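Chemist: The listed protein sequences correspond, in order, to chains P and L. Sequential numbering from 154 applies to the first sequence in our numbering. Sequential numbering from 154 applies to the second sequence in our numbering.
In short, the hints are calculated from the structure, not lab data. Certain hints may be false.
The list treats identical chains as one, so a pair stands whether inside a single copy or across any two.
What the hints assert, rightly or not - Calculated cross-link-like contacts (lysine-lysine; reagent style DSSO-like; alpha-carbon spacing at most 27 Å): (1) Lys201 to Lys417; (2) Lys346 to Lys287; (3) Lys158 to Lys266; (4) Lys183 to Lys270; (5) Lys239 to Lys208.
As the structure is a computational prediction, the values presented were derived from the model and not from experiment.
2 protein chains.
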Amino acid sequence: MAELKWGVLGCGLISEDFVRAMRQCQHKHKVVAAGASSTQRAQQFVDKCELTGAKVYDYEGVLNDPNVDVVYIGLMNHQHKEWCLKAFDHGKPVLCEKPLAPNYKGAKEIVDKAKEKKLFFMEAFWSRCFPAYKFLREEIDKQAMGPVKSVFANFGLDILGENRFNADLGASPLNDIGVYTVSFAQWIFRNEKPEKITATGKTVNQCDRWGTITLEYSGDRKAILIFGGVDFTPIDGRVTCERGRYDLPENFYCPTRVIRYENKGVIRCNQRKIEKVDFNFDNFENDKVEYNFMNDSGLRYEADHVYECLRDGKLESSNASHEDTLRIVQITDEARRQLGVVYSQDKE
Amino acid sequence: MAELKWGVLGCGLISEDFVRAMRQCQHKHKVVAAGASSTQRAQQFVDKCELTGAKVYDYEGVLNDPNVDVVYIGLMNHQHKEWCLKAFDHGKPVLCEKPLAPNYKGAKEIVDKAKEKKLFFMEAFWSRCFPAYKFLREEIDKQAMGPVKSVFANFGLDILGENRFNADLGASPLNDIGVYTVSFAQWIFRNEKPEKITATGKTVNQCDRWGTITLEYSGDRKAILIFGGVDFTPIDGRVTCERGRYDLPENFYCPTRVIRYENKGVIRCNQRKIEKVDFNFDNFENDKVEYNFMNDSGLRYEADHVYECLRDGKLESSNASHEDTLRIVQITDEARRQLGVVYSQDKE
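One chain only, chain P, in its complex shape (with noise of 0.2 Å):
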């Protein structure tokens, strides 16, 4: 395969990051079509973004192009079904911006469809394409320090405007940021099933503000996630293995590093081996484009690996199947129930 020619819906901040991080990839890629609610809008996209050569459209343009081999879609998540189903519909392939969907029921909509459709189809968990997250899941499979025994995230954001606390759009910050976390936990434990899921946290107008997940898998293994939208803390993850374990301290969602603790000693605590492993990707700091959201430049390794998805075949990602989409939705949607967070979509 050539070139990859990209089809974008939606012209907001995470698809100007999308369209410009593809300019750093290995493989060839080309935005060759822009839908926006207006062609005007979508016309200042690809100005501002320098998408020489592609076409503006309404959304239902995009689709319409003969010329789009994949459709990325970056539209706000109350609309990621509708033209999800809809692009399938037009025979193209798509990579949507997660949350895919509010709940089990709209997730399993797009997946029956794609496969139905015999269509490629990603949920965009781009961290999965990072390179810590490959270094990781090495590390892990050859159990460079034993079993997995424990994941711990945290996520949480000072989100300003209350148009991310609306469960009518079904947003709040358990789909829009603890889905990152409970995205790793499945991650590092391979998308088992957990035997018990447990959610606390704080609600207001039935919708969350900030939780925690616990999520039981067999043989007394753990993950348990923090997430909130009301204030700034720690974005890291923890996994934790028999005989050390390994730390992405900062933006684990999107990381640069890994450090390596080897325990040699439980009492004294003190005995560690540290090592730190980094993947800084050409450096972001030098880094010709402003991004607008922390490391979006790693988008890169996403469009990338979508290629090679679609240039082998393939239907599904390695990194984000169907069936590991739906698991990570079933989990969200178990741990609204608890929180008591109902959307809008939950009553259709």
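Given the coordinates of chain P, assemble chain L onto it according to the supplied hints.
Modeler: Relative to chain P, chain L alone:
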């Protein structure tokens, strides 16, 4: 006060470390009496720790020695109450290891008797005497980065030996280890009463193995605490404020470092100023004595704190007041109730 003369009850590992740490105190301390289950065992302790001139006794003997100014109780957890009460009956002030008592009822008996006898009493929350904790106290009191929003702490050890999972002895990771996380939160929130307590976790044979405790304080402030006795997790504490956060990145219960992060932006997550503040107190690495437990050289701060309290005629510690001690055990009692952990002492 020229010299504070200590009697030590219990000659185990923690008592060894406590008397060793005294050698590095600012004030003058002397161990004049040691009591163990046998005088032979007390003699071994005195010899090993080079406590020249210290007399050896059984437990009662220490309390009868008129030369003893204050008693340090380093016995097993389930023996604390009996010997605190006896010490007070003998007119001795007490510093007693934590957890003070398995439940509120036991702790209340001890505190009530100390008050009744007008004798100094402190539960050994040694963390709170560390320079790093004093630094945090000052920073938070002056709202250097705005009001506190959240506290996080994680403390898990791979505890070998099933005697640490023994509800009959009032021994469980929650009381052994989890109490440090609760104490940290209550220190930051200045002993405020949480409005809501939520505990989740795993229990086997009515004993907790690991869990989380969420404390909700007025005004949308919270502490999320993780504890366990089944694997060697990160042992860190973090305090999130409106404009930044403080990390105690290693061994938050006996810390030598605080890292201060200042928020510079929210969405990009990466614009933070970092300042490390180290409290190396004479470099642990160069300590001439070997300690049994991590950073136990820092027990010196607690010994000096007790010296100052007694010198100044105080009956309570400002670092761990009676009310503070009682509130912490109320919280762990409620957490145990939710987890379904019942100690034999609860049935008395």
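Chemist: Quick check: which numbered hints come out false for this structure?
Modeler: none
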